[in-house]
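Visitor: So the chains spell out like this:
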Amino acid sequence: MTPEMTQAPLLSVRDLTIAFGKGAFRNLAVQNLSYDLMPGETLAIVGESGSGKSVSSMALLGLLPPRSATIEGGSALFEGKDLLHLPEGEIRGIRGDRITMIFQEPMTSLTPVLRIGLQLTEALVEHKDMSKAQAEARAKEMLELVGLDDPERRLKQFPHELSGGMRQRVMIAMAMAADPAILIADEPTTALDVTVQAQILDLMRDLKHRFGTSIILITHDMGVVAEMADRVVVMNRGRKVEEGPVAEIFSAPREAYTKKLLDAVPRLGAFAAAAAPRTVVAQPKQVSGRLVHTSGMNKTFRESGLFASKSTGTAAMQDVGFDLDAGETLALVGESGSGKSTTGRAVLRLLELDSGVIEVDGTDMRKLGTNAMRKARREMQMIFQDPFASLNPRISAGRLVAEPMVIHGLSSGKEMEDRVEQLFLRVGLESDHIRRYPHEFSGGQRQRLSIARALSVNPKLIVADEPTSALDVSVQAQVLDLMLELQQSLGLAYLFISHDMAVVEEMAHRVAVMRRGRIVEIGPRQAVLNDPRHPYTRALLAAVPVPDPGRTRGALPVIDAATLPMGALAEVAPQHQVAQ
Amino acid sequence: MGKFIVQRFLAALVTIWIATIAVTILIHLVPGDPVRIMYGSFQTTPEELEAIRVRLGLDQPIWRQYIMYIGRLLQGDLGNSIVGDQPVLDILLTRFPATLSLTLASLAIAVVVGMSLGFLAAYKRGTWVDVSSMVLAIVGVSMPHFWLGLLLLFLFALQLQWLPVAGGDWRSLILPAMTLGLANAAVLARLTRSAMIDIFDQDFVRTARAKGLPKSIVLYRHALRSGLVPVVSMLGLQFAYLMGGAIVVENVFAWNGVGRLAIEAVFARDYPLIQGFILFFATIVALASVVIDVAYAFLDPRIRYS
Amino acid sequence: MVHGSSTAELADTLATSGAARKRSFWRALLASPSGLIGLFVVALLVFCAIAAPVIAPYDPLRMAAGPRLDPPSMGYIMGTDDFGRDVFSRILYGARLTLQIGVIAVGISLTCGLLLGLVAGYSSGWTERVLMRLVDVLFSFTEIVIALACLAIFGVGLTNAMIAIGIASIPFYARVTHSVVLVEKGKPYFEAAIAAGASHVRLIFIHLLPNVVPTLIVIGTLGVSTAVLAAAGLSFLGLGAQPPQPEWGFMLSSSRDLISRAPWMMIFPGLAIAVTVLGFNLLGDGIREALDPRQRQR
Amino acid sequence: MDRRHLKPLWRRPVLSAAIALPLAVTGVAAGAQELVWARYGDISSLDPHRATSTLSMQVWDQIYDTLLSFDMEGTPGPNMAKSWEVSEDGLEYTFTLNEGIMCHDGSAFDANDVKFTIDRAFGDTPSLTRTSWGPITDVSVIDPLTVKVTLGSTFGAFLPFLADSFSSMVCDSNTADTFGSTTAIGTGPFSLVEWVKGDEIVLDTNPDYVNWGEPIDNAGPPQFDRLIIRTVPEPQTRLAALRTGEVHIAEPPFDDVAAIKEAGELEIMVAENTGQNVFWEFTISRPPFDDIRARQAVAYATDAQMAIDIIYGGLSQREWCPIARGVFGNDQEFCKQYGYEYNPEKATELLAEMGYGPSNPLETTMFVWTGGNRHKLAEIFQAQLAQVGIKAAIEIMDIGTMNARVKEQNESPDADTPGTFDMMTWSWYDPDILYQLWHSPGAYSGYQTPELDAMLEETRTTIEPEARLKKVQAVIKYLMENAVHVGLYTPGWEWVFAVRPEVEGFKIGPFLHPNFQDVTLSDG
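Chains B, G, F and C, in that order, give the protein sequences.
Each residue of the first sequence is one higher than the one before, counting from 1 in the numbering used here.
Each residue of the second sequence is one higher than the one before, counting from 1 in the numbering used here.
Each residue of the third sequence is one higher than the one before, counting from 1 in the numbering used here.
Each residue of the fourth sequence is one higher than the one before, counting from 1 in the numbering used here.
Derived by calculation from the structure, the hints in this document are not laboratory data.
Hints may be right or wrong, so weigh each one.
Stated by the list, open to error - Below are the DSSO-like pairs computed for lysine-lysine, each with C-alpha atoms no more than 30 Å apart in a straight line: (1) B:Lys-132 / G:Lys-215; (2) B:Lys-81 / B:Lys-128; (3) B:Lys-81 / G:Lys-215; (4) G:Lys-215 / B:Lys-22; (5) B:Lys-460 / B:Lys-375; (6) G:Lys-3 / B:Lys-156; (7) B:Lys-128 / B:Lys-208; (8) F:Lys-185 / B:Lys-460; (9) B:Lys-460 / F:Lys-187; (10) G:Lys-124 / B:Lys-22; (11) G:Lys-215 / B:Lys-140; (12) B:Lys-156 / G:Lys-215; (13) F:Lys-185 / B:Lys-367; (14) F:Lys-187 / B:Lys-367; (15) B:Lys-375 / F:Lys-187; (16) B:Lys-81 / G:Lys-124; (17) G:Lys-215 / B:Lys-128; (18) B:Lys-375 / F:Lys-185.
Said to hold, decoys possible - The following label-pair restraints were derived from C-beta to C-beta distances: (19) F:Arg-68 / G:Val-294: 55 to 61 Å; (20) G:Ile-217 / B:Glu-248: 41 to 47 Å; (21) G:Ser-116 / C:Gly-264: 46 to 52 Å.
We treat Cβ as the ideally placed atom computed from N, Cα and C, and that holds for glycine.
Use the sequences and the hints to build the structure in full.
Guide: This is how it looks when you write it as structure tokens:
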């Protein structure tokens, strides 16, 4: 659907400039931003964190945090009025009626102490002068439209009784109930699992056609952009970098920044033809042999407390087992709550299993005593998801990297200093970074620090738990490259935990798909990703948005949770096992 | 919900149970012979002391004493005071209404003044209203109860003679309740402010604003109701503080409650009365916190519907 | 999985704009009004305590240093008490006792509370549950009742009162330490240290303690004010300082009978307590802000 | 919970207090006259065998009556007993009771009630009055109006004791558990309505009361309807309440007495012949006060006259004797010759002899009873002692605690802390107090010698006044020379009353027995 360029824009933003702080602390979050939004159009504003994409949209509705942010200039013409200079009373009349908004965090965006019904109807009562009954009828209609069953009951429920996906549907119902001219969607699917994301995106597209609403979609995800947008505004550090129709942006980006951004985006299918991750070093170290063997791992988390009953608990892992060879990457993929992180921790014995076998290099980890276990940890290190939290803020970068060596008594004095410096250089940091403290590093640098730390004791195995998911895409690409390079030159084995199928495809030799504490499919990457046998794997793959506006994602396969095979694994092809 | 109440109630029982152990041990921690310290008046003979020791069961091993203590406790017998030899429970119960009325009146003042001040400060965050309320609050937090009490007494009762200084009249409740209430209002104002600021930063308040709701609805329906939840959860502790503060304030204003009784008992080394007071205090505070937890549960649907 | 979220983006912008993270702790402390005032008051208190013999015009214990119940004047700037002692000199010397109270009481509660909280938080399991349940129960007794019980056991006196207050506050410090330990233990860096093979000693002393200490510095500073208030309260009730100690709470209590004849005997000691407590409260708030720049946005 | 406890809990509901209280205040029939007497503390018990405080005794005086009664000079005379006979050997006392004495519950008071009272004092634990009654071996009822008391040995203080509140006659209907706490049946001018502990005691006039022997004009019941005895601990509060008329009689703040007198708004009454004596007493079982020089040093170093002038401003007097003015045997001149005049040099000298000096002060602790500005007095003594090099910490405590602590100190000769001394307070109507304090085993297990024991026994067994005086003075001389019991001042507590102008006829009998029978209230 291409908008008529001759049509007058619905919203016209000109020279928008927003600053945080005052005086010496003034910091321009958005600078001279201009764009038009056409009727019926979806305009994506893309950018990495700190690009000003959210701030600029919040400003339109007067939702900037008072006293800390100031609109220093610009205009935003909507239906003949300048949104940026309307008195509070008038902008309030537009907000929630003509222009509505949905947010990233469905879990926290609804008032926890109020019933869904009230939250759905109050804007209608306020803006549309509806009676309570009318508003409720409309709310019910909307709930049905967004695909929630039993709307009658939903109205009486409280937010905590709904799942994240359902809450986002409620948010959408709320935003669309007033039949707005513009819907601003601020990272609407970022917090959701990929299968839910696909459903929500479908829903938004459907509603857009039904209501003819224009959408401003704020996102960092090029896949979502490609799937949803008509036109794209690319932002970086508060400024507009480039603007254009979605196809042009993807096929012929003019600006270097846009190109870099697009290049960094992992694309599912890009490596479909390869049986192994690409080789990035000239002479990969040759290693072989079984490094890890696990089987029958079970873990149930129980509520603790003086009065907690022993019977309840959630099964995080059920009969999980896999092997991992030296120098190999096994990717554990799954959505939130699938037990993939628990599995990673269990292998390192960071949590105690209820039952199961973990052998590393032939040693049964679960039989080791405290001291022996501590020694064994030298062989296996971990990289965590959150580079901000996984480094002790009170220890300097150099000491952090050296710590595992100190613990294991591997080196000391000058020798250790040299080794630390060498490690810093090895992961792409500089030697004068050694004396700094973690908060002085950027997210990507911190993850490099974590890697250097893990490498310091020459481990054979690294468990990497979502190592790049908190990073911007451009940084993510660099870290992934580094990890590949290290694996190949050092012969490391990775247990690579991720929710991102494209990243997995780039990194893994073998893939295990987890759902609700069980492995439902495991096998070589090509087998699992190119020829998925389990319906859940198929759904997972189908839901991944493709960062290519030319290719449309196929219809989502309907999965019925009740009939999904969740039994024992059986071999369907060599090394390719699927739950029955 | 039912399970929640039962849980809270059981927790309160554990508190009371531990209190019974604590008070049984207390008497054995007293250096010297407790019987001689308590009853060793100028006319008691060693034989009499021995008889008292036997009567109180202090000749028994401590676990037996504890069982005996619990046994008597279950019959509502907290022993007899040394001064005047009267049932401790009777003494506590006749004195408690005064403390309760003081505590509740102070709680009312603290809640009304503290919460509105805190709410206002949070709402007007960063303005002079916020700054001056918080200056007021920190001064209030730093003000010794007893000094504030003396100042109020000096000003309103002695200088201006607006309020009576003695007598069981309700008007004589005003000064002690103000003293205790205002000091705790300051604490509550700080708590409320930071709770409300947390709430104002919440995504759902942004959602409510984004819906174009009038400020008043955003504030009262969305922010305040959610903000109340953590504040109410702190009221249990506030009640305990007020009960503790009452001990001092009762002594400033000669308010005839259990707090003054406790100080008298400490001076008189009336250990049965001290034991009784501690147990009584712990029980009241534990039960009050159950009540407040239940109220809290009613405010928060996340607990109510689970 | 929090990816470029709008709130995180906002917070990031705010943090960088504040530039506070880059400033040193002391600069941040001195930049905040509460920190500055608090530091000033506390410094003044310490100065008074040290220099009391030099500044004080009279021996604080000397009776008939002036006429009895003389109102404030050039000679006796805070007046005299009913024994003709100079109130100003007594207040100056009282600062010594006040400091002593703060240091001893907080020292006891901080040390014991830290130990308990650390053991409970680190050990987890039954040790933790039993310890913390006990601490919670003691906490609900409130400090004043525990202090009263202690005094009933030890007998009255200022030293006993300091110890009693110290003991009475242990549950509070234990709870705070415990909750901070739990938070820190839950952070990935702690798991990272375990994964690296760190020993218990290393986990506690290198990883936990340094992250617990800043919070404890804050609550310890605030705790001084609580301790000073509590000790003054006990002395006021006659359970703390004994004559002729120039303790402020005790001075207040002796002013009660003379409240209409000699209000200065009530006003100045009360003011001294309030200002000292305020000073430590402000300093505590200031340190908190300086340690946690985000707090300042509030 | 026992149901019994629910009632008092809700008797004064919190929120309806505003409605209920005015009713309570005017609850008596319209125009009823009530008198409010405010005191600093509450009674310990309504049972005269379970307390020793002056506060308690003054209330017993209103509820109970005694067999004999003191005249204004302090000599015992007839009261409930219209006459008595003593046997030749002085061991049998036969009392004849007045006819028609009524208990508050309507029963008649007779010889059985006397027997009940005395048996109770001896049989019950804890009875605090047992030794005070003397060596009673038997009480027998001869007929309803005649009762015979047999003593094991002669007892000079027996008759005075029967005029004292400790010997309050309790009706034999007081058998309930609640006796002493919520019920008390006597024959006195007032009957108990309610005791709200810590707050107030409400007494109604006993219409059946007959005054048989009290040294006052009114022979019948009191002339107003209700006496409310209220606890108001703060002197300033009592004064304020006196000024507003909320309270009719109360002890004023000592520092304000001069101003009150000057303003003339309230009448100040000071009790005489209180029998009260405040004195130094020492832990003699261990150093330093096992050495007479240390005791004497304390005595020489204290300037009691200066201290009481500052604190009580002429309301109290220097007392040289171990027994107070008004008590048999008190003679200032006699005592002073053995007394210790303020002489700091002498004190320093004695201390130096013992090896104490400026660099090595004598360290000890002074026990002081709370209230009555005694803590301030103690502070002055502390400063005086400091001047001669005695460093005395002050510990302020309740009188009951003090009694126990003093005894405990004497009974701990091996304690590693220095021995203590104390500002002890006693009020007694007879020199027999010296026997009770110092005859072994002694009230405090304190100073005892066989010699002193023998002398004290003689003060008991000698009845003839002239001869007894000699014996008593010998004891006084002995106690003072040994610096065992060093008199300081008298009176010392609850002896000053400020009275509103509308109250007329308020009297204070000897040994501090406030009397309301002559009181009339004009409209004020």
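Visitor: Take the hints in turn and mark each one as holding or not.
Guide: Tested hints:
1. At most 30 Å may separate the alpha-carbon atoms for a hinted pair to count; B:Lys-132 and G:Lys-215 meet this at roughly 20 Å.
2. Note on B:Lys-81 and B:Lys-128: the hinted pairing holds, with a Cα-Cα distance of about 20 Å set against a maximum of 30 Å.
3. Of the supplied pair hints, the one linking B:Lys-81 and G:Lys-215 holds, its CA atoms being roughly 22 Å apart against a limit of 30 Å.
4. Between the alpha carbons of G:Lys-215 and B:Lys-22 the distance comes to roughly 26 Å, so the proposed pair stays at or under 30 Å and holds.
5. Under the criterion of a C-alpha separation no larger than 30 Å, the hint pairing B:Lys-460 with B:Lys-375 is consistent with the structure, at around 14 Å.
6. Restraint check: the Cα-Cα separation between G:Lys-3 and B:Lys-156 comes to about 22 Å, which is no more than 30 Å; the hinted pair holds.
7. For the hint linking B:Lys-128 to B:Lys-208, the alpha-carbon distance of about 21 Å falls within 30 Å, and the restraint holds.
8. A hinted pair counts as satisfied when its Cα atoms are at most 30 Å apart, and F:Lys-185 with B:Lys-460 qualifies at roughly 26 Å.
9. Straight-line distance between C-alpha atoms of B:Lys-460 and F:Lys-187 comes to about 25 Å, which keeps the hinted pair within the 30 Å bound.
10. For the given pair, G:Lys-124 sits about 19 Å from B:Lys-22 by alpha-carbon distance, which is consistent with the 30 Å threshold.
11. Between G:Lys-215 and B:Lys-140 the CA atoms are separated by roughly 26 Å; this keeps the pair inside 30 Å, and the hint holds.
12. Between B:Lys-156 and G:Lys-215, the direct Cα distance comes to roughly 24 Å. Compliance with the 30 Å bound is thereby established for this hinted pair.
13. The suggested pairing of F:Lys-185 with B:Lys-367 holds, with an alpha-carbon distance near 25 Å, which does not exceed 30 Å.
14. Distance hint between F:Lys-187 and B:Lys-367 is fulfilled; the C-alpha atoms sit about 27 Å from each other, no more than 30 Å.
15. Distance restraint check for B:Lys-375 and F:Lys-187: the Cα-Cα separation of roughly 23 Å lies within the 30 Å cut-off, and the hinted pair is therefore satisfied.
16. A distance of roughly 29 Å separates the Cα atoms of B:Lys-81 and G:Lys-124; the hinted pair therefore holds under the 30 Å criterion.
17. The suggested pairing of G:Lys-215 with B:Lys-128 holds, with an alpha-carbon distance near 17 Å, which does not exceed 30 Å.
18. Using a Cα cut-off of 30 Å, the hinted pair B:Lys-375 and F:Lys-185 holds, with the two alpha carbons roughly 21 Å apart.
19. A hinted range of 55 to 61 Å for the beta carbons of F:Arg-68 and G:Val-294 is consistent with their spacing of about 57 Å.
20. Checked against the given bound of 41 to 47 Å, the beta carbons of G:Ile-217 and B:Glu-248, roughly 45 Å apart, stay inside it.
21. As the Cβ distance of G:Ser-116 to C:Gly-264 is approximately 50 Å, the hint placing it in 46 to 52 Å holds.
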